[in-house]
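A.B. asks: For the record, the sequence lines run as chains A and B.
Residues 1 to 304 in full-length UniProt numbering are what the first sequence spells out, letter by letter.
Residues 1 to 969 in full-length UniProt numbering are what the second sequence spells out, letter by letter.
Derived from the structure by calculation, the hints contain no laboratory data.
Please read all numbers here as calculations on a predicted model, not as lab measurements.
Yeah, the Cβ is synthetic: ideal placement off N, Cα and C, and Gly gets one too.
Heads up, a few of these hints could be off.
As a list, the in silico DSS-like pairs of lysine-lysine whose alpha-carbon atoms are at most 25 Å apart [said to hold, decoys possible]:
id: 1; chain 1: B; residue 1: Lys491; chain 2: B; residue 2: Lys267
id: 2; chain 1: A; residue 1: Lys208; chain 2: B; residue 2: Lys388
id: 3; chain 1: A; residue 1: Lys212; chain 2: B; residue 2: Lys335
id: 4; chain 1: B; residue 1: Lys335; chain 2: A; residue 2: Lys208
If you anchor each label on the Cβ, the simulated ranges turn out as follows [as the list claims (entries may be wrong)]:
id: 5; chain 1: A; residue 1: His79; chain 2: B; residue 2: Pro725; range: 36 to 44 Å
id: 6; chain 1: A; residue 1: Asp241; chain 2: B; residue 2: Glu882; range: 53 to 61 Å
id: 7; chain 1: B; residue 1: Val713; chain 2: A; residue 2: His242; range: 33 to 41 Å
id: 8; chain 1: A; residue 1: Glu86; chain 2: B; residue 2: Trp356; range: 52 to 60 Å
id: 9; chain 1: A; residue 1: Gly287; chain 2: B; residue 2: Lys478; range: 43 to 51 Å
id: 10; chain 1: B; residue 1: Val809; chain 2: A; residue 2: Glu250; range: 37 to 45 Å
id: 11; chain 1: A; residue 1: Pro81; chain 2: B; residue 2: Arg878; range: 28 to 36 Å
id: 12; chain 1: A; residue 1: Asp279; chain 2: B; residue 2: Glu753; range: 34 to 42 Å
id: 13; chain 1: A; residue 1: Asp279; chain 2: B; residue 2: Ser726; range: 26 to 34 Å
id: 14; chain 1: A; residue 1: Arg24; chain 2: B; residue 2: Pro354; range: 26 to 34 Å
id: 15; chain 1: A; residue 1: Asp225; chain 2: B; residue 2: Trp356; range: 28 to 36 Å
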Amino acid sequence: MMDSVSSSSATVADKSVKRMQICRAEYRVIGRFVEQLRPTRQCMKTLQTQFPHLPPSTLLSIFSQEYQKRMKRSMARHHAPDVIKEYYQRYRSEAKTRPAAPLLLELANQVDLSPALLARLIVECFLEERQASVASRHVLNNMLREPYLIPDLLLAKHVEQCTVNDCCYGPLVDCIKHAIGLEHEDLLRDKLRETNLSFLDENQLRAKGYDKTPDIILEVPIAVDGHIVHWIESKASFGDDHSHHTYLNEQFWSYCNRFGPGLVIYWYGFVSELDCQRDRGILLRDGFPSDIVTLCQGPARGRV
Amino acid sequence: SQTLTHGPTTPAKTPSTSRSVRTQDFSDRRGNKSTPIQTSRSASRVQLFSPAPSVSPVSGRGEGRRRSGGFGGCASGRQTGPRGAVSEEGVRWDGGGRRSRGVGRIEPVSPPTQVQLNFNNLEDFPPVGAAQSPPVATKPSRRINPTPVSAERPNSKPKSCFISTPLSLPASPPAIPESAGAKLTAGSPHSLQEERELLRKERYVWAVIFSLNNIPVSMMMNLICLLSIYVHADVLEKAYLGNVHNCVYFSVRVLENQFELVSHLDKCTLRLLSENERVGTFSSSLKDHLAQAQENCTAKVLPSPPMFVHSVPFQPATDNRSNFSSDRAFHTFKKQRDVFYGFLREWEDSHKEPGWDFEAALGSRVRMMVSQLTAAGSHSHFARLFQKQLIQMCKGPCVLGSSSDAPDADLLGMLGADSLGRLKRLQQRLVQPQGLIGPCPPPSFPGHQEFFKCFLQTASCCQLNQHLKDGLCQQLLKLDEVSILGPDDEKQRFSSVLLTARLLAKFLGFISFLPYQTSELPSRDIQDTAITLRSKSSPVLDVCAVLRSSVHRRRTILTVPWIVEFLSMLDHIGPLLPFYRTALCLLLQIYKRMLLGRGGELCYMNQLLMVAVLGWLFQIPIFPEDLFFSTDLKEEVKELENITSSQGLDTLPLVDQQLLYTCCPYLGEFRKLLAAFVAGSTSKSGGLIRKITPTSAELRGPSTSRSQQKLQVDLEQAFFHNQPPSLRRTVEFVAERVGSNCVKHIKATLVLELVKGGEKTLRDSLGLEGVNTAKLNDSICAQLCDAGMQALETATRFCSENAPGAVRVLLPLETSPSVLTTAESITTRLATEKACSWLSANITSSGQVQKNCTHKVPLGSEVMIEIKEVLSVAVGPRSEEEAYTVHQIESLLYRVGQTLGCRKKTDYLFLIRQLIERGLLGEEEVGTNWPKLSALSWPEVISKTLRFEAGILTNHFLMAFLVCSCRSL
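Isolated chain A (complex conformation):
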């Protein structure tokens, strides 16, 4: 599966110019800095100003992952029934006094909860209150995706403000993440075709009955930087310690165990120290390698 990064304010970045491998120490600096940020485009601008030497997409990916960790940590706190009730009451009372203000967004920033997640909680309360029963996931998701389905138009507007302004959570972000993942998979395939490398993709592999399937298996292995590459996994995100170790255990080692050494492309960069398993068959890159060595170069080489 492709993973991807959410985004709201990033513009098309010239990734090839800016450095995307970050040493762990620098990563920690960024990590500390983003602790105080909210997932809004304003905060993203602050982040970019702070670290102008890094591509905005990389910064956004780092922030997104750190923010998700933060949200997971504080989930229990926000999801306690009495806390949810309090948020809802606050929203209700304020909606009466100043309905035009971005109430939910303000509340989210105030309690350090993702606006989209808060919107979800509030809509959930709203539906429970109206129907006196727990709303189905499906209904809830639809309402977040298309806020006009919410019977309360004012709430709909506030919910929309939340999902549109949240750069880490929400239906729009999910859609974008998904698109980014597919795009990079596509990009990888294009690059392989351009380079005349033939490959099997995930679907072909699954059809053959493979139990674990990287994005790409090369039919004829290549060498990158002196290392053999049998498979390529595309990750449209930044490779930090946490995500990389999860991927290692769930994916990369499994691929190694079945197909031999391979390459992981973290399109948004990675913590440079993580590239330490080269001799064991996992090579990291932040883009499609330009230094590919192929087998049997010469007239016989190439794809038919």
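We have chain A; now place chain B onto it with these hints.
C.D. replies: Same frame as chain A, now just chain B:
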């Protein structure tokens, strides 16, 4: 002064006793913890090999469990001088448990009739009492004040043994070689004469013993002991042979007699030997011969760099769901495969750390894993994975002792430090560059083999073991039957088959005898019961039948080495069972009937390998001594040999030096011994640093930057990794045949013409007057050179014309084009290489760098992000300066158009499907809105999308948004 010493007792010479202990890791399985008391006072090069035996006579003697066999006692009074020395030396290779084995075994064997020497004649072979008395610690005073060697005590037989030389003694000046010459004159001419005579006889006897080698003592053992005498002559002096010259003389003469054998050792050993000053002093002809042999020795023993650890490839044919009984079994095995590799990586990372223990670290997890396999009934799958991974990782040579010693791992760390303790250890390392393990190390599981062994021990799972036994037996018998046509084509293949078979046989033996392993030799009663009990059930593999068949079909060179590995794993009772006793007897008879050199130079290396591995088996603790004197099966083997087929593997020169040293890493002991000698003799003059080079070089890991050529080879190997095995077999077969046909073709056409033409030119020219022969020579050479180039071209053409077609016909029609092309070109290359190597030329290929092209079009997701940004501004909250200008919106629209216009819309239907599945898009919505939306012009979509005033995202907005993104992909 003409003081002879055993070399300077600098701290640098302190042997690392702990290291030596560790080399015996296997022995504790057999309960042969042979060195209960480590003497910390061991010293000098002499003791580099193993912990010095206990100083206590009781423990020293009592340790050898086989001493009860009745040889120890009777042997003591009847030793020849050199024998005594040798055996004492030899004893220390494998600890107290084996002491006096060499001695006891030799005694009762009648010397060959042509040797007119009476072993019992005390004049010819004066007893050396010291050899049999246990090393006594009270005697080292002799060494404290080294007595100048003189005529005073020419034949003294000191009670103490050199072994007891204490380390802590003050250093005596090294005076090894230069004193040698001088001493010749110093000694009494008379006694020297006598000694020489005696020595001449002795070495003759020994040489005869060697060349006939009908005495079941490891030839290698003897040779290495000989070298030890030679190297440690100074220490041995007086003890046995009267003085250093006798020792060296004796050794040098035996080496001369056994020159053929010596000349087959590796280049480095030959160099060390020929450069050794003592050789030159005593026999310049031997020195010359050695130098010559060294030049002729083309084969270098290079440990191939550790292979990149490949996993066992997932093969759909054997590994996909249809091969499992249930989904659950399939998914369990999916997990277990990863868990297994996880263990392997963890072991690699940590097993060298002090205090790490397999059982403690992985035990419960390993058992958990196999219990899950049991629950899912997937043992056969795992056994196959296990076996394949074992072969993958352990088939190649591994430096013996490296697993337990980790010789280099800490060296770098040490070099970086300057603390005194570390430097001292470094000094130790330099004198004891490699873990010396002696010529007959106990069976061991070096390198990664240790992981597999520990895994099986820890898992202790009968289901797994049974499946493994089945698989190992099957593959072993298959390998044993492999057909090898000739040495030219298939030396490499033979080597691979042999190494694999030996590895599998060792593990088959390990698993088969694991249930019977006991730490102690069971008492007589228990033995008898066990023999009766176990004789009833059939053995895991009919080794006797396999052996007989191999003799009959002249395939012993393949069969014997792996059977040796299998039997080396026997438990205490195993060799006493009639079945295994028969197998061992067969081996013994094969050994006795084999004469080195009988088959001529052609198969000398084959025989050398057999002699070496058999000699090793006879020397390890498990081999029952009484068998040496058994004549059982003598006639049978004789008969078997008489009715053999004339053709067979045994008649092909299949073994080379590389294979010999891989199978018998203990042969490297010669080199280490000699290197240690050099280390000792030069340590005073700053030779310490120099020492690193010859000894540690072979242990170095692979350099990080691999050459491009190596990379290509790796890539080729990697290519086959994930393909079905039949692909590789096909490619190799076709390459072999096409290459061979090509050579035949060129031989039949071009070369024939060439020879004729050359002869004619020669004839014609010689008829002319005043012909310049040098010029003639040149012109013929030039002609030949041209023809050679032409031949190369022909070969290349021949192979590239014929190989691809053959491969194409033989591979499945469904093979993907790129795989086919690659297979074709690999075949062509291999065939061409084969042909051209015959034409002694090389084909090189030039590299080509791939060029990349980048599309400068914004990605769909980037456009989407921008749209979202615009939306978030539109929906608010926003600041004053965040307003978008018309120009900005237009620019965005332009980029959207660009993206949509330039991108290939490859997978967009797939994406729509994905979006529907994810619930982002209702199916009916696509159905109804799609024509409408796709018909919209872009400004319309966008205007629908960016409904500033509404403040609400509509379904249409989302649709447009998604359509936008879909199209952009």
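A.B. asks: For every hint, state whether the structure bears it out.
C.D. replies: Comparing the hints with the structure gives:
For a cut-off of 25 Å, the pair hint linking Lys491 (chain B) to Lys267 (chain B) stands: about 21 Å separates their Cα positions. Among the hinted pairs, Lys208 (chain A) with Lys388 (chain B) is consistent with the structure: their alpha-carbon atoms are about 22 Å apart, no more than 25 Å. The straight-line distance between the Cα atoms of Lys212 (chain A) and Lys335 (chain B) is roughly 10 Å, inside the 25 Å bound, and the hint therefore holds. This hinted pair checks out: Lys335 (chain B) and Lys208 (chain A) have alpha carbons roughly 19 Å apart, not beyond 25 Å.
Taking the beta carbon of each, His79 (chain A) and Pro725 (chain B) are about 54 Å apart, not inside 36 to 44 Å as hinted. Between Asp241 (chain A) and Glu882 (chain B) the beta carbon distance is about 36 Å. The supplied range of 53 to 61 Å is therefore violated. For Val713 (chain B) and His242 (chain A), the Cβ-Cβ distance of about 38 Å falls inside the hinted range of 33 to 41 Å, so the restraint holds. The given range of 52 to 60 Å is respected by Glu86 (chain A) and Trp356 (chain B), whose C-beta atoms sit roughly 53 Å from each other.
Take Gly287 (chain A) and Lys478 (chain B): their Cβ atoms lie about 47 Å apart, and the range 43 to 51 Å holds. Range check, Val809 (chain B) to Glu250 (chain A): Cβ separation about 43 Å, and the 37 to 45 Å hint holds. Between Pro81 (chain A) and Arg878 (chain B) the CB atoms are about 35 Å apart, so this pair conforms to the stated range of 28 to 36 Å. Remark: the range hint 34 to 42 Å for Asp279 (chain A) to Glu753 (chain B) is contradicted by a beta-carbon distance near 52 Å.
The hint said 26 to 34 Å for the Cβ distance between Asp279 (chain A) and Ser726 (chain B), and at roughly 30 Å that hint holds. At about 28 Å, the CB distance of Arg24 (chain A) to Pro354 (chain B) agrees with the hint of 26 to 34 Å. As the Cβ distance of Asp225 (chain A) to Trp356 (chain B) is approximately 32 Å, the hint placing it in 28 to 36 Å holds.
Of the numbered hints given earlier, the model fails hints 5, 6 and 12; all others are met.
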